[in-house]
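**Q** Spelled out from the first residue to the last, the chains are:
Protein chains: 2
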Amino acid sequence: MATIKDVAKLAGITVTTVSRVLNNRGYISDATRKKVHAAMEELNYQPNEIARSLHRRKSNIIGVIVPNVSHPFFAELTNYIEYYAYEEGYKVLVCNSYQNSDKEKDYVAMLKRNQVDGIIMGSHTVETSDYITSDLPIVALDRNLSNGVPYVTSDNYNGGVLATNLLIDKGCKKLAHISGPLEINTPANKRYQAFIDVATERNVEYVIKQAKLDIFESYEKLAYSLFSEHSDIDGIFASSDMIAASIIHVTNKLGKEVPKDLKIVGYDDISLASMIVPPLTTIKQPIEEIGKMSLKILLEIIDGKPVNTESILPISLVERKTT
Amino acid sequence: MATIKDVAKLAGITVTTVSRVLNNRGYISDATRKKVHAAMEELNYQPNEIARSLHRRKSNIIGVIVPNVSHPFFAELTNYIEYYAYEEGYKVLVCNSYQNSDKEKDYVAMLKRNQVDGIIMGSHTVETSDYITSDLPIVALDRNLSNGVPYVTSDNYNGGVLATNLLIDKGCKKLAHISGPLEINTPANKRYQAFIDVATERNVEYVIKQAKLDIFESYEKLAYSLFSEHSDIDGIFASSDMIAASIIHVTNKLGKEVPKDLKIVGYDDISLASMIVPPLTTIKQPIEEIGKMSLKILLEIIDGKPVNTESILPISLVERKTT
Numbered sequence: 001m002a003t004i005k006d007v008a009k010l011a012g013i014t015v016t017t018v019s020r021v022l023n024n025r026g027y028i029s030d031a032t033r034k035k036v037h038a039a040m041e042e043l044n045y046q047p048n049e050i051a052r053s054l055h056r057r058k059s060n061i062i063g064v065i066v067p068n069v070s071h072p073f074f075a076e077l078t079n080y081i082e083y084y085a086y087e088e089g090y091k092v093l094v095c096n097s098y099q100n101s102d103k104e105k106d107y108v109a110m111l112k113r114n115q116v117d118g119i120i121m122g123s124h125t126v127e128t129s130d131y132i133t134s135d136l137p138i139v140a141l142d143r144n145l146s147n148g149v150p151y152v153t154s155d156n157y158n159g160g161v162l163a164t165n166l167l168i169d170k171g172c173k174k175l176a177h178i179s180g181p182l183e184i185n186t187p188a189n190k191r192y193q194a195f196i197d198v199a200t201e202r203n204v205e206y207v208i209k210q211a212k213l214d215i216f217e218s219y220e221k222l223a224y225s226l227f228s229e230h231s232d233i234d235g236i237f238a239s240s241d242m243i244a245a246s247i248i249h250v251t252n253k254l255g256k257e258v259p260k261d262l263k264i265v266g267y268d269d270i271s272l273a274s275m276i277v278p279p280l281t282t283i284k285q286p287i288e289e290i291g292k293m294s295l296k297i298l299l300e301i302i303d304g305k306p307v308n309t310e311s312i313l314p315i316s317l318v319e320r321k322t323t
Numbered sequence: 001m002a003t004i005k006d007v008a009k010l011a012g013i014t015v016t017t018v019s020r021v022l023n024n025r026g027y028i029s030d031a032t033r034k035k036v037h038a039a040m041e042e043l044n045y046q047p048n049e050i051a052r053s054l055h056r057r058k059s060n061i062i063g064v065i066v067p068n069v070s071h072p073f074f075a076e077l078t079n080y081i082e083y084y085a086y087e088e089g090y091k092v093l094v095c096n097s098y099q100n101s102d103k104e105k106d107y108v109a110m111l112k113r114n115q116v117d118g119i120i121m122g123s124h125t126v127e128t129s130d131y132i133t134s135d136l137p138i139v140a141l142d143r144n145l146s147n148g149v150p151y152v153t154s155d156n157y158n159g160g161v162l163a164t165n166l167l168i169d170k171g172c173k174k175l176a177h178i179s180g181p182l183e184i185n186t187p188a189n190k191r192y193q194a195f196i197d198v199a200t201e202r203n204v205e206y207v208i209k210q211a212k213l214d215i216f217e218s219y220e221k222l223a224y225s226l227f228s229e230h231s232d233i234d235g236i237f238a239s240s241d242m243i244a245a246s247i248i249h250v251t252n253k254l255g256k257e258v259p260k261d262l263k264i265v266g267y268d269d270i271s272l273a274s275m276i277v278p279p280l281t282t283i284k285q286p287i288e289e290i291g292k293m294s295l296k297i298l299l300e301i302i303d304g305k306p307v308n309t310e311s312i313l314p315i316s317l318v319e320r321k322t323t
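Taken in order, these protein sequences are the chains called A and B.
Quick note: the first sequence, position 172, residue 172 per full-length UniProt numbering, numbers continuous.
Quick note: the second sequence, position 79, residue 79 per full-length UniProt numbering, numbers continuous.
Warning: the hint list may mix true and false statements.
Since the list gives no way to pick one copy over another, a pair counts as held whenever it fits inside one copy or between any two copies.
To be verified - Here are the simulated lysine-lysine pairs, DSS-like style, with alpha carbons at most 25 angstroms apart:
hint, residue 1, residue 2
1, Lys-5, Lys-112
2, Lys-112, Lys-34
3, Lys-105, Lys-35
4, Lys-112, Lys-58
5, Lys-105, Lys-34
6, Lys-112, Lys-9
Source of the hints: derived by calculation from the structure; they are not laboratory data.
It should be emphasised that the depicted structure is a prediction, and the values quoted were computed from it without experimental measurement.
So here's chain A without its partners, still in its complex pose (with noise of 0.2 angstroms):
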């Protein structure tokens, strides 16, 4: 098999001079530079991209934490993370969490063991956020680590008051807001936030359900539960889309009338929303700039820039045939 110095004898050039063509360093004239092209080509010349790693303590591989990329929500975002990532020349390796946080740990570790150059955390327990410090190189998402890792997320709170506005605004009486967990500090928790202060300001009676992150097969039946406690319920704001297509298949079986007895606004706009009948009034995150915000930021922290804490992006309400 040809070696560097193969090369460089062909090439007629010293192997220092091949290994800054190889690692892109220095000034290299074009000549120098198709030069050693032809000879690598000519001679089959593989360059060992682990030792050249090892060499450059870099591995232009991110890693992406999700909690499930099942979910069309994290799928759709992993899909723009790994556009913009190729671009960039990185590669993304994709973790699903299940909200693990021994997974969570083990990508942490392998981040500090130079395997992976940063992270993109769109999932976090607890526990993971004791041992993250802001010196390595990680971007949150729609998580405040409350530890100086920046993150990025989009405006939950304008996106709480525009869908609970809209429900009231169109004559409901009795809201529900079904919420993700709680318990985790989020900046998402401001869609929760911002409903209780709207119903509240606006004097409509409201109730609350919390819905387990990613288990589709949880949100029917906490839909069932809803509409037996509370069958006079008129208007529900969902926080993603996904909970909010359950809601719609229960109210069918149900033989209740979107938008005529209930009303539903989503969260997200996931491709789905557009798509299932009645198709659904939602709260637009920008999941392509979110995922291109968050490279862009982790990308900068690895190349050792100053880098903003909080990136809040703007959403937008778009309103189709369930309210």
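Please build the complex by placing chain B on the supplied structure of chain A, with the hints as guidance.
**A** Structure of chain B alone, referenced to chain A:
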């Protein structure tokens, strides 16, 4: 920083033995293992994984190439592959190929440079198949690379038979099949073949439309053109649930009633299938089993074991409310 020599010295054993513990190689007593771990902990020794990979020529990373991880079928599949890979000590690099042969080639090149130990390929262009040889650890999903590369698929022909028979049994007089791209030779084309065979045998009129892969926006356009050309179609077999969901969406806009005016059978049984209104009748692919089996075969190839070239997993008909 502590080195492997420091660990050996503190544990009172040889460097070779420490290395054996780290690499899980050869017989090591529990007492020795404990001594090594205690010394590592005391010295805060972090074995350099990249250096170890270089030594072992293994990265314990596998690549998974899919057309688009935000497509629910591939999102669910990737989720299962990652789940089982993690259990076997492997991490998963996810690549969205968007059917782009450069990205596919890039991953195969990584494999040749030992950056990944193997690849599960759920996407392939004609070009790529030219330079994939059967001596590389590659498993293809739903793809017949026709050069000895093992592949995993489900019983597509039988799926097509069940779907088409159901539509005819339910009284449909004019059928349509919306297939995936037929110019690529994939086992999924057998759904199309089965549709034609059954419709012909049972003497029922039919039309065929081809959908582009993964371009959800194009599905609705296709549905509109189908109904404008053939307003009398009363039964559709769609080659994916995403296509079926788009059709339901369009029929709703056109004022057609499902299943009264039009019966629809999808394919895949992604989570969405039971969540949409009306819940979709579909051919269930065993997505978890497909992911698990692909991984199992890939690890067998990596370990130098002989494997089945063709694995065809069973499908089943799930009748819901669209037929």
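**Q** Give a verdict on every hint.
**A** Here's how the hints hold up against the structure:
{"no.": "1", "hint": "Lys-5 / Lys-112", "in the structure": "between (33 angstroms within a copy, 20 angstroms between copies)"}
{"no.": "2", "hint": "Lys-112 / Lys-34", "in the structure": "between (37 angstroms within a copy, 23 angstroms between copies)"}
{"no.": "3", "hint": "Lys-105 / Lys-35", "in the structure": "between (45 angstroms within a copy, 23 angstroms between copies)"}
{"no.": "4", "hint": "Lys-112 / Lys-58", "in the structure": "both (12 angstroms within a copy, 19 angstroms between copies)"}
{"no.": "5", "hint": "Lys-105 / Lys-34", "in the structure": "between (44 angstroms within a copy, 22 angstroms between copies)"}
{"no.": "6", "hint": "Lys-112 / Lys-9", "in the structure": "between (38 angstroms within a copy, 24 angstroms between copies)"}
Checked against the numbered hints above, the structure violates none of them.
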